[in-house]
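Build out the structure end to end from the sequences listed, making use of the hints.
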Amino acid sequence: MSYAFAAQLNSLLAALILLTAFAMLVQRRMYALLHLFAWQGLFLSISTAVVGFAAQSHHLYISSVLTLAIKVILLPYILHVLIRKLKIHREVETIVNVPTTMLIGIALVIFSYHLTAPIRELSTLMTKSTLAVALATVMLGLLMMITRRHAVTQIIGFLAMENGLFFAATSATYGMPLVVELGVALDILIAAFIFGIFFFHINTTFDSLDVDQMARLKEED
Amino acid sequence: MKVHPLLIELIQVFVLLFAAPLFAGWVKMVKCWSQGRTSPSLLQPYRDLCKLFSKDVALAENASWIFRSTPYLVFGVTVLAGGIIPIISVDLPLSATADVIALVALFAIARFFTALAGMDIGTSFGGMGSSREMTIASLAEPAMLMAIFAVSLASKSTSLSQMAIVVSQGYSILRPSLAFALLAFILIALTETGRVPVDNPATHLELTMIHEAMILEYSGRHLALIEWAKMMKLFLFITLGIAVFFPWGIDAAGGAAGLASSFLIMSLKLGISGVGLVLIETGLAKMRIFRVTEFLGSAFLFATLGMLSFFILE
Chain D
1 MSYAFAAQLN
11 SLLAALILLT
21 AFAMLVQRRM
31 YALLHLFAWQ
41 GLFLSISTAV
51 VGFAAQSHHL
61 YISSVLTLAI
71 KVILLPYILH
81 VLIRKLKIHR
91 EVETIVNVPT
101 TMLIGIALVI
111 FSYHLTAPIR
121 ELSTLMTKST
131 LAVALATVML
141 GLLMMITRRH
151 AVTQIIGFLA
161 MENGLFFAAT
171 SATYGMPLVV
181 ELGVALDILI
191 AAFIFGIFFF
201 HINTTFDSLD
211 VDQMARLKEE
221 D
Chain F
1 MKVHPLLIEL
11 IQVFVLLFAA
21 PLFAGWVKMV
31 KCWSQGRTSP
41 SLLQPYRDLC
51 KLFSKDVALA
61 ENASWIFRST
71 PYLVFGVTVL
81 AGGIIPIISV
91 DLPLSATADV
101 IALVALFAIA
111 RFFTALAGMD
121 IGTSFGGMGS
131 SREMTIASLA
141 EPAMLMAIFA
151 VSLASKSTSL
161 SQMAIVVSQG
171 YSILRPSLAF
181 ALLAFILIAL
191 TETGRVPVDN
201 PATHLELTMI
211 HEAMILEYSG
221 RHLALIEWAK
231 MMKLFLFITL
241 GIAVFFPWGI
251 DAAGGAAGLA
261 SSFLIMSLKL
271 GISGVGLVLI
281 ETGLAKMRIF
291 RVTEFLGSAF
301 LFATLGMLSF
311 FILE
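Chains D and F, in that order, are what the protein sequence lines are.
Counting from 1, position 190 in the first sequence corresponds to residue 190 in the numbering used here; the numbering is continuous, with no gaps.
Counting from 1, position 98 in the second sequence corresponds to residue 98 in the numbering used here; the numbering is continuous, with no gaps.
If you're looking for bench data, these hints aren't it; they were derived computationally from the structure.
Since we're looking at a predicted model, the values are computed, not measured.
Each residue gets a CB set at the ideal place from its N, CA and C atoms; glycine is no exception.
A few of these clues could be false.
Unchecked claim - A short list of chain D residues far from chain F (calculated; beta carbon distances all over 10 Å):
#1 S11
#2 A49
#3 R84
#4 S129
#5 I146
#6 A172
#7 F206
Stated by the list, open to error - A short, non-exhaustive set of chain F residues, derived as facing chain D with CB atoms under 8 Å:
#8 S124
#9 V292
#10 G297
#11 L305
#12 L313
As the list claims (entries may be wrong) - Some chain F residues well away from chain D (every beta-carbon gap over 10 Å; in silico):
#13 D56
#14 A108
#15 S309
#16 I312
Shown next, in the form of structure tokens:
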């Protein structure tokens with residue numbers, strides 16, 4: 001695998017990550033959303049390995065395997081079990097006006113392209129062009145957290161944001177030091193467990209995971 | 001031996017006229033197989049057309065010249081569109097005069113007059129079909145143009161022949177912009193040709209039909225021309241997709257042997273894309289008409305992402 005081919009493969013994977021981010025933004029079904037998240041993790045993992053190969057920085061292989069283990073297998077599995085236990089797998093979430101959300105998403109992509117343009121000029125790395133995609137993925141995750149009402153989808157939005165940050169680190173500097181990455185991975189894992197406990201309590205208290213319910217302060221009305 | 005470009009153009013129009021019903025028959029045949037039914041013969045569309053041409057035309061009393069001239073106009077415009085798209089050769093005289101934007105405009109003319117004819121008689125179905133068709137068209141056309149622009153950015157030209165030449169010359173398949181544009185194009189082609197997730201070509205159920213509602217009043221040779229034009233439109237959209245995204249094998253030299261081989265390769269590609277079309281159609285359910293905006297919205301999204309990723313990633 002030559003350097004140029006690796007760069008091209010990396011851009012294609014970046015495009016796929018962006019595509020899954022958009023697909024998650026408009027997906028209504030819980031399980032499909034979870035699968036999309038797992039796919040995004042997979043693309044991220046492959047992309048990290050490709051960058052690690054092209055840049056000869058071998059600690060990226062470890063990050064890649066870590067991503068594969070946590071974001072493709074473990075986290076989707078935990079959320080899967082959670083969704084089944086809380087019996088929300090049949091729920092189909094209403095999203096406010098899909099075309100508008102998409103247009104806002106496109107605007108965010110253009111914005112992040114504009115924002116990272118100076119870095120593209122300065123950077124000499126192979127991955128300089130994917131930085132815009134990484135930033136866009138972070139923003140799309142944030143947009144997902146804002147536009148969704150369901151607690152589980154908001155968490156998936158949060159995790160997608162983390163995916164974007166990880167991708168940004170890989171494309172801006174060929175990855176953070178391994179210690180930091182290990183720490184982040186562990187944090188995400190712990191967060192997932194805490195989310196699980198929270199979901200459980202929210203569900204027993206409100207009989208629903210719709211966060212709009214929590215805006216009401218009175219017990220009865 | 002070099003074949004004269006005008007002759008190539010003529011051959012291509014004949015290929016379009018007589019291969020389009022065959023392709024429609026092939027799609028129907030594969031669809032029947034995939035659903036476990038016995039299929040009609042591959043030549044059935046020709047028989048249908050012959051039958052319709054031999055029948056008399058029943059015209060409504062208040063039909064105006066628009067209603068009477070629309071079938072000829074639609075047919076003519078579709079044949080003209082077939083002269084622009086490189087089907088068996090990129091060396092087309094018409095291709096130099098009209099680019100892909102003109103092609104979209106040609107399809108828009110056909111659609112405009114079909115919609116007018118749908119309203120001309122004054123039946124409620126015709127009006128409903130026209131209104132639906134125009135709603136969908138207003139969403140599909142921008143997406144179509146964006147998808148094509150994404151490709152023309154990569155090939156630095158809006159001429160279809162030029163696009164086919166540039167894409168076939170040593171380009172890598174891994175270009176994200178082309179992948180996004182292809183995805184958008186598939187969604188738009190399904191919409192424009194009235195295939196399953198958007199419109200069902202085989203139904204006359206009043207609540208769901210779109211294209212069929214507009215042409216409900218046509219009979220005899222008028223209906224034959226419109227049906228033929230519809231088959232050609234399906235054929236043209238598939239060949240347009242092949243010419244823009246998979247142009248390998250389309251003849252560029254203009255020799256007789258080259259033409260023959262590109263004809264064979266094109267038939268092979270068409271056969272495969274017919275199967276692909278059927279797989280999409282049997283895999284999806286027809287969606288509610290209010291969901292079509294989301295469907296076409298995502299087509300627009302993919303096309304825009306294709307253009308953006310050309311700037312960002314390439």
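Hint check against the structure, violated hint numbers in rising order
Those not satisfied are hints 1, 4, 8, 9, 15 and 16.
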